[in-house]
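Residue numbers (the numbering used here), protein chains in the order written: chain L, 1 to 273; chain V, 1 to 273.
One or more hints might be untrue.
[Said to hold, decoys possible] With beta-carbon atoms standing in for the labels, derived distance ranges:
hint : chain 1 : residue 1 : chain 2 : residue 2 : range
1    : V       : R193      : L       : A119      : 15 to 25 Å
2    : V       : A115      : L       : D6        : 48 to 58 Å
3    : L       : E255      : V       : L49       : 30 to 40 Å
4    : V       : R251      : L       : A78       : 52 to 62 Å
5    : V       : H216      : L       : R251      : 15 to 25 Å
6    : V       : V129      : L       : A119      : 40 to 50 Å
7    : L       : A119      : V       : R251      : 33 to 43 Å
8    : V       : G222      : L       : Q256      : 53 to 63 Å
9    : L       : G222      : V       : A115      : 13 to 23 Å
10   : L       : Q81       : V       : P210      : 24 to 34 Å
11   : V       : R193      : L       : A5        : 19 to 29 Å
12   : V       : H216      : L       : H216      : 13 to 23 Å
13   : V       : A5        : L       : P75       : 27 to 37 Å
14   : V       : A119      : L       : A263      : 57 to 67 Å
Everything labelled a hint here was simulated from the structure, so no lab data went into it.
The C-beta atom is built at its ideal place from N, Cα and C for all residues, glycine as well.
Number of protein chains: 2
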Amino acid sequence: MQPLADFSRLSLNQITTQRWTLREAVEGCGREAIPAIGLWREKVAEVGLKESHTIVRDAGLHVSCYCRGGWFAAPTAAGRQQRLDDNRRAIDEAAALNAGMLVLVCGPAPDRDIAAGRAMVVEGIAAIVPYAQQCGVRLGIEPLHPMYAAERSVVVTLAQALSIAEQFDPAVVGVLVDVYHVWWDPDLYTQIRRAAGRIAGFHVSDWLVPTPDLLHGRGMMGDGVIEIRRIRSAVDGTGYDGFIEVEIFNRAIWEQPGDQVLALVKQRYRTCV
Amino acid sequence: MQPLADFSRLSLNQITTQRWTLREAVEGCGREAIPAIGLWREKVAEVGLKESHTIVRDAGLHVSCYCRGGWFAAPTAAGRQQRLDDNRRAIDEAAALNAGMLVLVCGPAPDRDIAAGRAMVVEGIAAIVPYAQQCGVRLGIEPLHPMYAAERSVVVTLAQALSIAEQFDPAVVGVLVDVYHVWWDPDLYTQIRRAAGRIAGFHVSDWLVPTPDLLHGRGMMGDGVIEIRRIRSAVDGTGYDGFIEVEIFNRAIWEQPGDQVLALVKQRYRTCV
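Turn these sequences into a full structure, and let the hints guide you.
Next comes the structure, spelled out in structure tokens:
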């Protein structure tokens, strides 16, 4: 397991510098020579889609992912239709930004019936695939950690994400592997091998002990217990050579100056990823 | 999926009434005609093993489980030996209390190497099985929710628990199914069927939305999103007819008077379990 040779695959997911506007995050990447960024819809909406694209393009940045579509499950057919419409808008935006992938967060169930929620997710993905294909946008199904099963995602393992993705063309539907969500899985390395050709993105952060918060308690790489390099090596072993995106939801990190965070990201990227 | 006909299978895990001493919990079960109790080592130690046994026996209560052994992983061989010695003491105590099962919490890893931690768990269980058999104590491997993988248990799915348990005689090594730990699993019902003859215990509580605390944020049955009755029916479908134990780690519930908690437990047991 070798360290990465340089920063050519590093991407900053802009939630990591949550206080920065899109322009500030792009400028920060420029100062640190980080070649790619993961964008969020809310941040793009603040600036406007066209202006966001101009800012990113003029900086010569790649857009490694766009966060996020999905949320397919709703109690009524009309509600589910609204979600599909919103996903088509997200696909339009991802296409306009030339994003490598639209992240799909798949859930939660509208009530206690998690099996029904899961069926709605598969139906929802099937419904948007033709439009994604037409727009040239790849969808990335992201299994979330099981602690988010009730409120965010009924897709909770890489095996489950792959079983859905494999129903579609890998050029259109892949999976997003985020170490924070999958590190605990006894079946992880088997499923990473299975994911060869399907990995649309790879995200890193760390699992802190103790975890300060269910939602905003992720750690900087190296501050927790995840074997990040081992997982990254396995992902690369499938032939994945795309961006490695740093996505950290952590209030303490958000309070630090962005440039300081980026410097630490680069240091830990070399030593821990 | 029918409700349970009566309270003959109900057990109170004494953590649910955490402020009560062992004697108070036993007396509470007596007032509410709850036929069984799950005991904790700390609570037994407060009273003494012999006195605890006398209190429980004189009340005519069954001891559905004894919490808990396990914690096999340690960085040094000497450390692992200490854990084995402690497990043998726990087996002695479980035997003295005539407990139906000793719960095994299997982890955490001593460092980032979760695979090594998992190997230590299998070794640890293998090492105590002969003693458990000799003492007539059944061991129950409890998969914990993946959010406890770093701090408590490297065994995080029912499939994984079964793969370990199946290496041993089912009369000596079973699994404990706790709805809180397994409800999110896409493979749950397949694994419950696989567990036929291996289910040593069944615990219920609920997953609250939002979850107020990683450790002490479990809910009363019916207050969350778990399909408890569906899971209970599947467990019973394997032929399991043992106790259904209510184990709730929740600070708000701990602050309520114990008798009030037991009354609510019984009400929810009828309507939600």
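Status of the hints after comparison with the structure:
| no. | hint | verdict |
| --- | --- | --- |
| 1 | V:R193 with L:A119: 15 to 25 Å | holds, 21 Å |
| 2 | V:A115 with L:D6: 48 to 58 Å | violated, 30 Å |
| 3 | L:E255 with V:L49: 30 to 40 Å | violated, 50 Å |
| 4 | V:R251 with L:A78: 52 to 62 Å | violated, 40 Å |
| 5 | V:H216 with L:R251: 15 to 25 Å | holds, 21 Å |
| 6 | V:V129 with L:A119: 40 to 50 Å | holds, 42 Å |
| 7 | L:A119 with V:R251: 33 to 43 Å | holds, 36 Å |
| 8 | V:G222 with L:Q256: 53 to 63 Å | violated, 43 Å |
| 9 | L:G222 with V:A115: 13 to 23 Å | holds, 19 Å |
| 10 | L:Q81 with V:P210: 24 to 34 Å | holds, 28 Å |
| 11 | V:R193 with L:A5: 19 to 29 Å | violated, 49 Å |
| 12 | V:H216 with L:H216: 13 to 23 Å | holds, 19 Å |
| 13 | V:A5 with L:P75: 27 to 37 Å | holds, 33 Å |
| 14 | V:A119 with L:A263: 57 to 67 Å | violated, 38 Å |
Going down the numbered hints, you'll see the structure goes against 2, 3, 4, 8, 11 and 14, while the others check out.
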